[in-house]
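First to last, the protein sequences are chains V and W.
In terms of my numbering, the first sequence is residues 1 to 169.
In terms of my numbering, the second sequence is residues 1 to 528.
It should be emphasised that the hints constitute simulated quantities derived from the structure, not laboratory data.
Just so you know, these numbers come straight off a predicted model, no measurement behind them.
Even glycine gets a Cβ: it sits at the ideal position worked out from N, Cα and C.
A hint or two may mislead.
The following residues of chain W were derived to be distant from chain V, with all beta-carbon distances above 10 Å [unchecked claim]:
id, residue
1, 82
2, 91
3, 162
4, 179
5, 235
6, 283
To give an idea of the interface, some chain W residues facing chain V are shown, with a C-beta separation under 8 Å as derived from the structure [said to hold, decoys possible]:
id, residue
7, 66
8, 73
9, 74
10, 77
11, 246
12, 247
13, 309
14, 344
15, 358
16, 383
17, 385
18, 389
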Amino acid sequence: MNRRQFIMTSLGTGLGLSLGITLYPVVTATKASQLTAAEMVFDAFLPALLMGALPADNQLAQQQLLATRKAAIEFLPFLPLTQQQQLSQLFLLLEQELTRLALTGNWLSLNELPVQTRLGLLSAWRDSYLALLQQAYCGLRELLFAAYYGQPPHWAALNYQAVEFNRYG
Amino acid sequence: MDDPIRQGLARGWKHIDAATLSKDEQYEADIVIVGTGAGGGLAAEILTQAGFSVIMLEHGALNSSSDFKQQERWAYPHLYQDGAGRKTKDQGIAILQGRTVGGSTTVNWTTSIRTPKNTLGYWREHFGLDFSGDNSLEPFFDLASGRLNISQWHMSPNLNNLALKNGCEKLGWQYTIIHRNVNGCANLGLCGMGCPINAKQSMLVTTIPTALDGGATLISRISARNFEWQGDKIQALHAVPVDEHYQPRQGVNITVKARHYIAAGGAINTPALLLRSKVPNPSGRLGKHTYLHPSLISGALFAEPINGHAGAPQSVYSDQFVWPESDNMGFKLEVPPVHPVLMATKLIGMAEQHAHLMKQFNNLQVMIALLRDGFAEQAQGGTVELDSNGEPQLDYPLTDYLFAGAREALLAMAELQFAAGAKAVMPIHADGQLYKSWPEAKAAIMALPMAIYRTTLASAHVMGGCNMAMDASKGVVDMQGRHHQLKNLSVFDGSTLPTSLGANPQLTIYGLVWRNSTLLANWLHGNQ
Ligand SMILES: Cc1cc2nc3c(=O)[nH]c(=O)nc-3n(C[C@H](O)[C@H](O)[C@H](O)COP(=O)(O)OP(=O)(O)OC[C@H]3O[C@@H](n4cnc5c(N)ncnc54)[C@H](O)[C@@H]3O)c2cc1C
Ligand code: SF4
Numbered sequence: 001m002n003r004r005q006f007i008m009t010s011l012g013t014g015l016g017l018s019l020g021i022t023l024y025p026v027v028t029a030t031k032a033s034q035l036t037a038a039e040m041v042f043d044a045f046l047p048a049l050l051m052g053a054l055p056a057d058n059q060l061a062q063q064q065l066l067a068t069r070k071a072a073i074e075f076l077p078f079l080p081l082t083q084q085q086q087l088s089q090l091f092l093l094l095e096q097e098l099t100r101l102a103l104t105g106n107w108l109s110l111n112e113l114p115v116q117t118r119l120g121l122l123s124a125w126r127d128s129y130l131a132l133l134q135q136a137y138c139g140l141r142e143l144l145f146a147a148y149y150g151q152p153p154h155w156a157a158l159n160y161q162a163v164e165f166n167r168y169g
Numbered sequence: 001m002d003d004p005i006r007q008g009l010a011r012g013w014k015h016i017d018a019a020t021l022s023k024d025e026q027y028e029a030d031i032v033i034v035g036t037g038a039g040g041g042l043a044a045e046i047l048t049q050a051g052f053s054v055i056m057l058e059h060g061a062l063n064s065s066s067d068f069k070q071q072e073r074w075a076y077p078h079l080y081q082d083g084a085g086r087k088t089k090d091q092g093i094a095i096l097q098g099r100t101v102g103g104s105t106t107v108n109w110t111t112s113i114r115t116p117k118n119t120l121g122y123w124r125e126h127f128g129l130d131f132s133g134d135n136s137l138e139p140f141f142d143l144a145s146g147r148l149n150i151s152q153w154h155m156s157p158n159l160n161n162l163a164l165k166n167g168c169e170k171l172g173w174q175y176t177i178i179h180r181n182v183n184g185c186a187n188l189g190l191c192g193m194g195c196p197i198n199a200k201q202s203m204l205v206t207t208i209p210t211a212l213d214g215g216a217t218l219i220s221r222i223s224a225r226n227f228e229w230q231g232d233k234i235q236a237l238h239a240v241p242v243d244e245h246y247q248p249r250q251g252v253n254i255t256v257k258a259r260h261y262i263a264a265g266g267a268i269n270t271p272a273l274l275l276r277s278k279v280p281n282p283s284g285r286l287g288k289h290t291y292l293h294p295s296l297i298s299g300a301l302f303a304e305p306i307n308g309h310a311g312a313p314q315s316v317y318s319d320q321f322v323w324p325e326s327d328n329m330g331f332k333l334e335v336p337p338v339h340p341v342l343m344a345t346k347l348i349g350m351a352e353q354h355a356h357l358m359k360q361f362n363n364l365q366v367m368i369a370l371l372r373d374g375f376a377e378q379a380q381g382g383t384v385e386l387d388s389n390g391e392p393q394l395d396y397p398l399t400d401y402l403f404a405g406a407r408e409a410l411l412a413m414a415e416l417q418f419a420a421g422a423k424a425v426m427p428i429h430a431d432g433q434l435y436k437s438w439p440e441a442k443a444a445i446m447a448l449p450m451a452i453y454r455t456t457l458a459s460a461h462v463m464g465g466c467n468m469a470m471d472a473s474k475g476v477v478d479m480q481g482r483h484h485q486l487k488n489l490s491v492f493d494g495s496t497l498p499t500s501l502g503a504n505p506q507l508t509i510y511g512l513v514w515r516n517s518t519l520l521a522n523w524l525h526g527n528q
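Next comes chain W alone, as it looks inside the complex (with noise of 0.2 Å):
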């Protein structure tokens, strides 16, 4: 199996791994970028083709295809943020993040969407974001889905996925096949463990080995803890190598000097870079409104085998109720790879209960509902903290208008999986039960306590906390994703985005991220 990584390295790529360093070192570039995910992997490959010499920073560890193992005993913990471990302080929901090169794109699910025309909308009116005209993403998304080879995915979608399809076509909701940065994809499932074949085009294998080829260095296991800067410009980063098992280690201490910084951590961790540096902040909403997209999640027993951890994850989303016209809060259907820790996780119960639904695996069909935050002003997210250690909490308080969602979700998936011919349902809650017909789960649904702990809720996509508005009094950042007061810093990540977005993340930041770098490109260009 060709590794692009492990030949990048051996033609000479400037790689330093921090956690090998053991005396202070310095380096200078023209520009520096915290992150190496969606944001940050395509503004080096932007940026170094632009001219600039960029070093790229990144916490979690260079692992390529020969690294990766095929197990989630192996992915969580070296792939992603806190081992997969990370919870909103209250631990009301699990959020998933990646920290690796390639941030979360290297363990993401592929689906590419374009920005919701009704989301760009809101933030027109809210925010002054007018992303029309002359400032239309859309050409933005064109590139990006050239450069990533996004395209509708042409296989049939797996049985997981096909039961969302049958129960939509049988229910007349709507629904639509996913189109997927993936090239050469073999429909294995393993996505969420790092592709084995590099088939999906995340940032590790993409633009992260063009910025290297074209000379920018990547500096990995490095944890950056905070800008120094004074009146309206950064002076430096400093930061510090992480151990094995990625914790800040103290000792040794890095600086890195630039014209220009970008901060591209991912929602939660740039806000906290953010605030270690106390960086001026008059909005007041640095760490504020941070949208998880908090998913429900309902399991269905099919009497045939469903082999949910096999094919491409995800290949069939369902808007029906993400747009709804009374003032609910409204989600979008999905569904997510099965493999045993996130399906032994999640399932209800415990011993014998927990073990019997276990050995019924392979016939499980899993639905996930993404609830769209940010919008009503019930749901205005959670905000970043930072706790005796410097690392972030998430507080995100779960309301009673975000619970009133949670049941209609609830009932929407349990209906679509029994239309999708399910023999039961179950809703992952703490009280639910396997139930054997739509009538008994909707009475059953209609009834359940809807509170922290017993709900499960999940995220794997996190958004804001460094917002974009016009107005520098309602956002940390403008338009170009350039920080309102600091000259010299911009934000190139999902913490920007003012709301989140009722559809997966990945293609918007691209297409921002693309817009912005070539903007800054040429600003820095003009400035020289």
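The following block holds chain V by itself, in its conformation from the complex (with noise of 0.2 Å):
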């Protein structure tokens, strides 16, 4: 077996069991020449930031997926300039160091990154010494999650049902 095909069944045995979808829906939805830093970044973490809260049902997860991504993508407008100009430099630096860990890796490309080292990736920021590595953390965190669970079909395993004087949308 190559390393290629050791890490595609090890992500079905195991994450794709754990998880339950294939592991990378939102890349294979567009090309991934077209994307933007900030897509390419917001695709590589968000199978592994909501594990556990994504459905199990794969088509499901990736319209959950592509839903967060837009939400995440429609906000940033509303930060101050000043954050968005820090934001697209960290989305450029970030997708630099996933392609090189995916080289690195052997992984053929970034969308073929293992759940846990995207994981092990956010942790690592959490738990640098360096105070622009924390942020990062913390900052995408917060975006990804708030986009996620800002949407009425993500609430199903929350069981929260907000009164709608006015329609959304």
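Starting from the two chains in their separate frames, assemble the complex, guided by the hints.
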């Protein structure tokens, strides 16, 4: 078995089982080359951050990931310009870091990075001595969780219902 | 559902949505007010009724009960500063402030508390501000209470608040049933997204409509950029429209001229406006000493559902620890409303751990402890600076003193939650876990590393940065909110507070602004 097959197998058994989904549905929906750095970064981290929250049904999980990425992207312009500038620099850096990781790990592309590697990266930032990385962890986590849990279709497991006086959208 | 805003607009209110303007404009009035929150909204009513022509400028949009969507994904970007993404400069503290007509009062949680005696005593001693006798704020608190229908909450607290009450009773700790500014509240728990039935007596549905009915003009979606001044007088205010994401837009310039100018953009934003204007600042205090009531959070799992999203968000508080005998940092205990985004972003962990906690959403009881900053030497708050776009950043250093208070606060909340019957308690801290008993939680919290990014801190109370003081060397404005150097400038908002309060700020601001608007009206009449 070559390295790639080995990884795919381990994904299929270990992570695939625990997640119940194919891991990288978002990236397959759009050509990677057409994605912005922000989208690449969101796609890389969303399946990891949302492990355990995404539904078992593969198609549903894909929909939720796409909707979350879209919500996160749509939220960014509401942030102050300076924060937006800092974030776009961060996304570029992270995209490079992820690509580097993928290359050194011999994965064919970014979307094959095992979910544990992605989680490991996030934990490393959280526990880093560098304020910048800790901020990246907190910021990304908050942005993506807000984008996910802001959406009524994702409240099923929470059993939360908002009284609706005026329809959203 | 009656919508007083839509009805008023149909009656012919003067409202200009600056975002729709395509060429430069100039306006003139007796008085221009920047910001329509607790301070600006109340001042607009009092000054209009005193016979002055008033123009109100508001960065946010004119949203009303017909516009409010009962979802956080709508409310945060449209009703909050920076889409509720405002943070201190090093991102150690998350800050909630309103940005819509009515300011933070449109989204606040309706807790109404008079300024604590200890706080007033501190101001007298350190800033020469004597609010006693003829200068007492009590008559103005009475007026504000009447105007905004402030009274003690008469329904039973929701289970989130009840846990606070029960825990206090068990431990023999002080607690108080909260007074709220509501009229016909249906106990919905949606205050933070704008009250859908206009029960909350925010500035949006009380004073601003009266001002508009009295002939005032409201310009929304406009950002006041700077005052033009010479000698001891302001000559004009310069502003620009904002775009659909509330970002200041170049290309259209709006000038407003008035006899008197009132800055009421709230703490952080009012100091920023004055910093951009480079107004005289001999005390060196402009933007400095900005306080946050930095707040710790503690989650608790209960066997039965708590449903912290339903019911009046705040109805009980405890002052057991606000004024400790020691020099330690005091803190007030309250609970927040619990909605999915607020919860998900504040809860610790990620992946399975986070998802597991979120699944117990309805069984989570959440407590907050608000640290009383601004009193001790080691808690002198933060400094507002301008970034390269002229927007404010609050540099708020987190001191060891503050972290010592934070640890005590986490301990008190855990003890209280167990006393109230929690099965497990989890301090909101990157290294925190669910602890099954008070001794276990106590030992763990004692060992938690108290540090930035690990200890979650948030604020919904921003105060100071243009502090009042009798002596011009100790403050930016005087006891009447009048700028010490610029004669036709007043600051009527939370930025004038010389310390944090140790209590939720809105009623203090109403009392001060009622007093100071009345004094200003008399002075302007006398000077005509
Ligand atoms: C979620 C939340 C819950 C809260 N709960 C409570 C509570 O239960 N009880 C309590 O006492 N307090 C509460 N508060 C705090 C309280 O509402 C505020 O302290 C109070 O409203 C502050 O009044 P203010 O006049 O200083 O500013 P704000 O009410 O914040 O109003 C300032 C307004 O000025 C506008 N503005 C700023 N700069 C400019 C500019 N340059 N140009 C044009 N417009 C500008 C802003 O957009 C904003 O609308 C809460 C706050 C929040 C955010
Ligand atoms: S609890 Fe509901 S009805 Fe009552 S004031 Fe808040 S939002 Fe309005």
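*How about residue 309 of chain W: closest beta carbon in chain V under 8 Å, or not?*
Holds: closest Cβ of chain V sits about 6 Å from residue 309 of chain W, inside 8 Å.
*chain V versus residue 91 of chain W - minimum CB to CB distance exceeding 10 Å, so not interface*: Violated, since 5 Å does not exceed 10 Å.
*Does the nearest C-beta of chain V fall within a distance shorter than 8 Å of the C-beta of residue 383 of chain W?*
17 Å, violated
*Go through the hint on residue 73 of chain W and say holds or violated, using the shortest Cβ distance to chain V against 8 Å.*
3 Å, holds
*Against chain V, run the beta carbon of residue 66 of chain W and see if the smallest gap drops under 8 Å.*
7 Å, holds
_residue 247 of chain W as an interface hint toward chain V, with CB separation required under 8 Å_ = 7 Å, holds
*Does the CB of residue 77 of chain W sit less than 8 Å away from some CB of chain V?*
4 Å, holds
_Quick check on the hint: residue 74 of chain W CB to chain V CB, less than 8 Å?_
6 Å, holds
*Hint status (Cβ of residue 246 of chain W to nearest Cβ of chain V, threshold 8 Å)*: Constraint on residue 246 of chain W satisfied, holds at 7 Å.
*Is it correct that the beta-carbon of residue 179 of chain W has no partner in chain V closer than or equal to 10 Å?*
Given that every Cβ of chain V is farther than 10 Å from that of residue 179 of chain W, nearest at about 25 Å, it holds.
_Interface-negative label, residue 283 of chain W against chain V, beta-carbon threshold 10 Å_ = Residue 283 of chain W clear of chain V: closest Cβ-Cβ about 28 Å, beyond 10 Å.
*Holds or violated: residue 389 of chain W as interface residue toward chain V, Cβ cutoff 8 Å?*
Check passed: Cβ of residue 389 of chain W comes within 5 Å of chain V, closer than 8 Å.
The structure is inconsistent with the numbered hints 1, 2, 16 and 17, although it conforms to all the rest.
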